[in-house]
Amino acid sequence: KQEVTQIPAALSVPEGENLVLNCSFTDSAIYNLQWFRQDPGKGLTSLLLIQSSQREQTSGRLNASLDKSSGRSTLYIAASQPGDSATYLCAVVNNAGNMLTFGGGTRLMVKP
Amino acid sequence: EPEVTQTPSHQVTQMGQEVILRCVPISNHLYFYWYRQILGQKVEFLVSFYNNEISEKSEIFDDQFSVERPDGSNFTLKIRSTKLEDSAMYFCASTRTSGGYNEQFFGPGTRLTVL
Chain F
2 KQEVTQIPAA LSVPEGENLV LNCSFTDSAI YNLQWFRQDP GKGLTSLLLI QSSQREQTSG
62 RLNASLDKSS GRSTLYIAAS QPGDSATYLC AVVNNAGNML TFGGGTRLMV KP
Chain S
-3 EPEVTQTPSH QVTQMGQEVI LRCVPISNHL YFYWYRQILG QKVEFLVSFY NNEISEKSEI
57 FDDQFSVERP DGSNFTLKIR STKLEDSAMY FCASTRTSGG YNEQFFGPGT RLTVL
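From first to last, the protein sequence lines stand for chains F and S. First residue of the first sequence? That's 2 in the numbering used here, and the numbers climb one at a time after it. First residue of the second sequence? That's -3 in the numbering used here, and the numbers climb one at a time after it.
None of these hints come from the bench; they were simulated from the model.
With a cut-off of at most 25 Å between alpha-carbon atoms, the simulated DSS-like pairs for lysine-lysine come out as follows:
1. S:Lys79 with S:Lys38
2. S:Lys53 with F:Lys2
3. S:Lys38 with F:Lys69
4. F:Lys43 with F:Lys112
5. S:Lys53 with S:Lys79
6. S:Lys38 with F:Lys43
7. F:Lys69 with F:Lys2
8. S:Lys53 with S:Lys38
9. F:Lys43 with S:Lys79
10. F:Lys2 with S:Lys38
11. S:Lys53 with S:Lys74
12. S:Lys74 with F:Lys43
Please put together the full structure from these sequences, using the hints given.
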């Protein structure tokens, strides 16, 4: 059974800092990995999708990498801003199906 | 930009009552999903739906749950007899084709509170 873990569970940084969020998964047989942002009490906003054949994806100040064989992904946020404060979730789709298996999230606080 | 919508945003019900949560997926999407998130826990998959039938379901999705696409736009989740432990945020999602190759887009969620 696929298990997705995110470390750290919470992170507090000063504005302007570059940061890395980590995601690991136990079964490397995945179709893709998706990073989401969740604001308190709100829905999930898709940030980036990485196909299993890709190594990284970029969108603005966000860069996600994927090392499928080692079961790891990182989300790099450049020049963090207070508006980046949210919970960041990673989720994978296994080869065996099409549903997402989620990690527990990293709660990010960017202080002005 | 097209988005997934869900109604109501918040539903309060008494234990044992039936509830129906509604979703309007993105119009050209073919795969639909329900997930839930109990407060403080991970988002969990419930069910996926394609071509008017369930394609996958989790252990959570027992006989108390059902899904339906009653018309060309709505996708519903029914809980027949709610329990206290059904209290959670329920998210609908959709994707254009098989989820492996496309992003899943999520709605804003329905917060279900069972008293």
